[in-house]
Amino acid sequence: MVTARHVHSAILLNSCKVTAGYKSANYIDSSEIYDSSTNHWNITVSMAAAREFHTATLLNSGQVLITGGVGNTAYISSCEIYDPSMGQWNNITSMKVERPSHTTTLLNSGKVLDTAGYGYTGYLDSSETFDPSTDNMEPYLIRAKFLSRVEKN
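Residue numbers (the working numbering): -6 to 146.
Derived from the structure by calculation, the hints contain no laboratory data.
There could be a bad hint or two in this list.
[As the list claims (entries may be wrong)] Label pairs and their computed distance ranges (CB to CB):
{"no.": "1", "residue 1": "41", "residue 2": "6", "range": "12 to 22 Å"}
{"no.": "2", "residue 1": "54", "residue 2": "133", "range": "33 to 43 Å"}
{"no.": "3", "residue 1": "41", "residue 2": "78", "range": "11 to 21 Å"}
Each residue gets a CB set at the ideal place from its N, CA and C atoms; glycine is no exception.
Go ahead and model the full structure; you've got the sequences and the hints to work with.
Structure follows, in structure tokens:
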């Protein structure tokens, strides 16, 4: 990698995409793409928000959804989408709750379920769904657990 990082996310596109993270007491907003044919990492356009403890979900459209995390000054509710065809990040609607250390699951409907995490009041027992067709976040489950896991059928 070009930039050392940890508590980042990685998603498999045509090549590996690695986003944000934390390095030496600094949150970073950079993203990199790994080219397996050349065994080389390339820096791409930066995200709008530096973050760690976020999630990355590959959408049915081939775009990558980034949700939540921890940033320079606070827990983050903001979300971004990476469009590989355009090579750019776009801000989208924020989650209703700041949500680091959560899980995301792509549902059969194409919506994304954001579950649990950790917030200012402790462990979160809430969930919400993101609908890529409407760019909308809605509350979902009533109860969930920190570092929970959801599997689609």
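Hints, one by one, checked against the model:
{"no.": "1", "hint": "41 <-> 6: 12 to 22 Å", "in the structure": "holds (19 Å)"}
{"no.": "2", "hint": "54 <-> 133: 33 to 43 Å", "in the structure": "violated (21 Å)"}
{"no.": "3", "hint": "41 <-> 78: 11 to 21 Å", "in the structure": "holds (19 Å)"}
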